[in-house]
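> Let the hints inform the model, and build the full structure from the sequences given.
Same order as they appear, the protein sequences are chains A and B.
If you read the first sequence in the numbering used here, its first letter stands for residue 1, the second for the next number, and so on.
If you read the second sequence in the numbering used here, its first letter stands for residue 1, the second for the next number, and so on.
Treat the hints with caution; some may be incorrect.
With beta-carbon atoms standing in for the labels, derived distance ranges [stated by the list, open to error]: (1) His268(B) with Lys118(A): 57 to 63 Å; (2) Asp671(A) with Asp24(B): 53 to 59 Å; (3) Glu489(A) with Asp24(B): 52 to 58 Å.
These aren't lab readings, by the way, just hints derived from the structure by calculation.
Note that the Cβ used here is the ideal one computed from N, Cα and C, for glycine as well.
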Amino acid sequence: MNNTRAILNHESALAHVTGSAKFIDDIPEIPGTLCAHVYRSTEAHARIMSYDIGEALKTEGVHAILKANDIPGKNNMGPVVHDETCLAESIVNFRGEAIFLIAADTNEACIKAASLIKVEYELLPAIFTIEEAIHHQSFFGDGRKISCGDSKTALQESPLLIEGEFRSGGQEHWYLETQACLCIPDENNEMQVFSSSQNPAETQSIIAEVLGLDKHLVRVEVKRMGGAFGGKETQAAHVAAWSALLAKFTGRPVKIRLNRRDDQKFTGKRHPFLTQYKAGFDKNGHLLAVEMKLFSNAGATTDLSWAIMERAMFHADNAYYCPNMNITAMVCKTNLPSNTAFRGFGGPQGMAVIEHIMDAISAKTGIAPFEVRKLNFYGNTGKYTHYGQEVKNIHLQRMAIELETLASLAQRQSAIKDFNINNKSVKRGLAVSPVKFGISFTTTHLNQAGALMNIYQDGSIMVSHGGTEMGQGLHTKIRQIAATELGIEVDKIRVSATHTDHVPNTSATAASSGTDLNGMAVQDAARKLKTRLHSIAVKLLKADTSPEKEICYDNSRVFIADNPEKFIPFNELIQKAYFERISLSATGFYKTPDIHFDKNSGKGQPFHYFAFGMAATEVEVDMHSGMVKILRTDILHDAGNSINPEIDKGQIAGGYIQGCGWCIFEEIKYDQKGNILNFSPDTYKIPTMGDMPVDFNIHLLGHNYHEGTIFGSKAVGEPPFMLALSAWLAIRQAIEAKAGKEKALKLQIPATNEAILRCILAE
Amino acid sequence: MNQDNSSIQFLLGNVLQNITFGPDSILQPCSSILDYLRTHRQLKGSKEGCREGDCGACTIVVGSLDNEGQMQYNALNSCLIMLPFLHGKQLICIEHIAINENSRLRLHPVQQLIIDKFGSQCGFCTPGVIMSLFGIYKSTEKPKATELKQILTGNLCRCTGYKPIFEAALDVIDLVNHDHFSEDEANTIEQLQRIKNSNLHLKTNNQEYFRPSNFNDALLIRKSHPDIKTAFGFTDAAHQILDKPENRTSILDLSGSNHNQLLENKDHWVLQSGITFTELRKYGLKIPLIKELTDVFASLQIRNMASLAGNLASASPVGDSIPVLMALNAKVRLASAHQNREMYVRDFITGYRQTQLKSNELIDNIIIPKPSVNQYFRYFKTSRRHDVDISSVSLAAMIDLDGGIIKDIRIFFGGMAATTLMAVKTSESLQGKPFSKDNFTIAESMIGKDFSPISDARSSEKGRILMARGLMSKLYESIIPKTDHE
Ligand SMILES: Cc1cc2nc3c(=O)[nH]c(=O)nc-3n(C[C@H](O)[C@H](O)[C@H](O)COP(=O)(O)OP(=O)(O)OC[C@H]3O[C@@H](n4cnc5c(N)ncnc54)[C@H](O)[C@@H]3O)c2cc1C
Ligand code: FES
Ligand code: FES
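See the structure below:
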């Protein structure tokens, strides 16, 4: 029996479809649970001159109003750099920064109390955009550089040159479940925390630090998240820290769930980027040199901004080899809520620039866009990246050939040509873009994972691991891995909620690495158990004890490799083992081998491997309204030897559509004073079913076992997001058909209908 | 006036509920169905994703008796609908559609389809998606495959990319409507028939809520309660009502007033004010013009609740029906307990979210003159996203053509000013001119003289001008035969 590559439904599917799957807000409330409200700064940058909470405290039903100096531990919730206060002290650095926490019997009482709080501010100058930050030299840290070759000389010697600026916009996560946390104070100073977090261990740390407790007193449990996409990697800890503070003070359970508008207004988003670039190439379209200066808008605190910037720098090459590169970066400090992780983690922002450069090369040389891309793929003339890692097992060339057939690219390009000749007011475009995405946390020490496996006397099994379930199907794959390893039915495996008591010191479920890391740790635990069971199995099977004889676990049976007829049922083996006093509980551990990166030299091997993908998207653009319809998308993606192809295809479809949102119509707008204008789904638009490609085909690259990963599979969470760049590039093709190459090249990200109209009609 | 009733009766699943409101009620009548389910019934399957009608995570299905006494089922956003709406109806939510048979769970076919297609990832949108699919499953006229996407745009999913949900929906339309609800239908109908359709007057210490069963009683309540907050579908009003307790002390809910007929005479259509956009869509067969409007309006869940009169009365500068009704030269008939008056829609709207409606009046009906054969009506909207999006700019036009000459033209723009306005100079420049590309190009250049739009969350000023020009080109191209394209 092999549970890998089986059609195995999502582990929670039954609970999902019956409405019994519990999210934080669905946990039955213990009587006495208090409502909470976060009192936030109304100014973007100001000094708090004075405040008055006296009247508010008198409001009926109010149990506590907390301020910075009530915090028993450290007033910090910054995950990497400790530059983020839990409650503002004397200065507020963005609009929406928490100043007070209110707990009351009812929501109404909270709101009433909040309305009675008075704060006097002295306004300080505030900056909101990357341009303003550059002007005021407002940065986090000193900047970074990754380079190879000699880009300066190479640019001088390049026959052809382009330079310019490129912008990509922010993006709101719009996970369906907003940030939420329930904290229940327990005896002996313990705090029980139910959090919607991608990072229970960090949530535990931050709560422990804020409350001034040892970490072992804080128990964080994550059953599932209603979507996360990076938005709950660090920022889930905010609501957690706040509710823990209130719970600690009142001695009552406290739940905080942000409403949609507050979540949109006050939590971080994808970083907007501005890139100044220069590229040199020859008339055959070969890329010779690239210089990029990347700027991101980080908002008011560091959060993960530097890690995100680093990934953007690592992906400024996307799938293209360039012998001379010089990538420098600055992270801008502004007075906006701190931007944070979002699927792709800087990758999309870096890749978009090089894809833009590819289009520009195509425009200058007259070589078709896809041809220019193919010419420059890794594996043709070079395979070392600008940070010195060798790109191995390159699938790009093979994928290009297969996709050309799968998507009938040649025929369709000529059909589109005809269509565009015959139609003036709607134009079509077709574009192909590749993705090469590095898998691993680029902060090396995070690449570790733990697991706990308990076998009960009846042979049923509980697995707990450090990863969290946010819809990506991690627990489903973990079940398959455990079941395959022990040769039993998946039904016999339960994956428990992620719990800091089960597995300590875990990393966030992020960087697409959930299955890679935790799957390996689970396999390790299972193998340890099998080692313990070995001698008793040998005894029961009356086999000779020579070590070459492998004991097999399959079909819920245990037998010697060459003699499957003679077996013992798995659950009998477990029974016997129990009576023989063998420990049936094991921990597993994994750390990714052979990865390292030196931040100072900008060189190393930050990634365990690369995942590849390629997409061809055809769009139709209405030249009068600028509105876009995606007609057809064909994706060929590299998931290695997929553990669960249907789940992987689900990640691909979801990532691609989310990427289309970023590339096309998701746009975050601020007014001059830094107020976010579109803070509700009324004006911030994520894709609906109507935006799905009319014809949407997803293929996994076949015959693709990848050495050195769990069952030969590859990570699939983030890479497909960037396949959506093909939709943006296709829109450019459509614009080009109407208004020429030069105007098409002006289209940046997002390509909103307004942006498209501006390009077409640009003077 | 009809007899008043201080309680509501409805079926929750198949169990009859009777909720009486009195001074000490904890449950308030002006509570959303979502809050009722989640907080008061501990039924936590329906989710809150936005609380403003956009995400569909809260979708429920409400069964009710149609004019023939048969069951009809509608998918609705439970976050926007108030509890009294359920009076005399059947509320079906995610907890009701699978059943326990001999202590074994029997899933509803739509649930099984979502499992089989891998249609849930994080699962938060899933209950809402299932209920929308269930609504399709229960519809007497199954939608065509080509209509499915439009029907499901009211359910946002951030995980799946919709592909598996769409594939499940394709299978749903092939299923025969046979489930435990159909098995039990005769009984359901009987139970619902027994509930008296009376005026609801629900009063607690904090709230007074009227839901009259006919339009005349509504007028009497308006008269005696000049400050009462009035709503029909609540799709526009729910915001203000749910956000602030002081806005829900006194409510007049028109959705039970049975005022939803389409009347027709030689020259006019008369639409009673209680017609929802879903009904309008159905009537669309009779009024071809209206199709242009309903095709681009909101989501199914919203269309099932939202009324044309509510859209008009909200007087939003980007309300879809307003330019349409203005261009059609429609009139609105306002009624009070004493008298009625009629005026052109363009006169009815007086400013940003302001109308001529007096505190004792209600919109009784909307009167649309039938266009003649030479009249061309068009409506276009430009929005950021194709579906469930308010327009950045919209254009409605009525053109009278006589042998290639524009005899009369009225072009109205939404989104270009604080209210919907006629593009006077633009229209005038075309008046009496041959219908030609050149003349339209001249007209396009006049838009800047007619309007100086604002920049806001939807679009910038410059963007709006570009969009308005684009819509003029669309207008031109939609009327000339295709071969004549520039
Ligand atoms: C998700 C979503 C999408 C939407 N999409 C669109 C869209 O695409 N296009 C668009 O134009 N709008 C849209 N809307 C706005 C809204 O749905 C419409 O304006 C709708 O027509 C309002 O109708 P209603 O019956 O729900 O009005 P209500 O919300 O009940 O009432 C709105 C106003 O009208 C008044 N009113 C209602 N009936 C009468 C009457 N008979 N006499 C006098 N006054 C009356 C009420 O007092 C209130 O002031 C959308 C709303 C949501 C939540
Ligand atoms: S909660 Fe989003 S539509 Fe009701
Ligand atoms: S499955 Fe997560 S939002 Fe739809």
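> Next step is simple, just say for each hint if it's right about the structure.
These are the hints, each one checked on the structure:
1. Judged by the Cβ atoms, the range 57 to 63 Å given for His268(B) and Lys118(A) holds: they are separated by roughly 58 Å.
2. Checking the proposed 53 to 59 Å range against Asp671(A) and Asp24(B) shows it is violated: the Cβ atoms sit about 47 Å from each other.
3. Checked against the given bound of 52 to 58 Å, the beta carbons of Glu489(A) and Asp24(B), roughly 55 Å apart, stay inside it.
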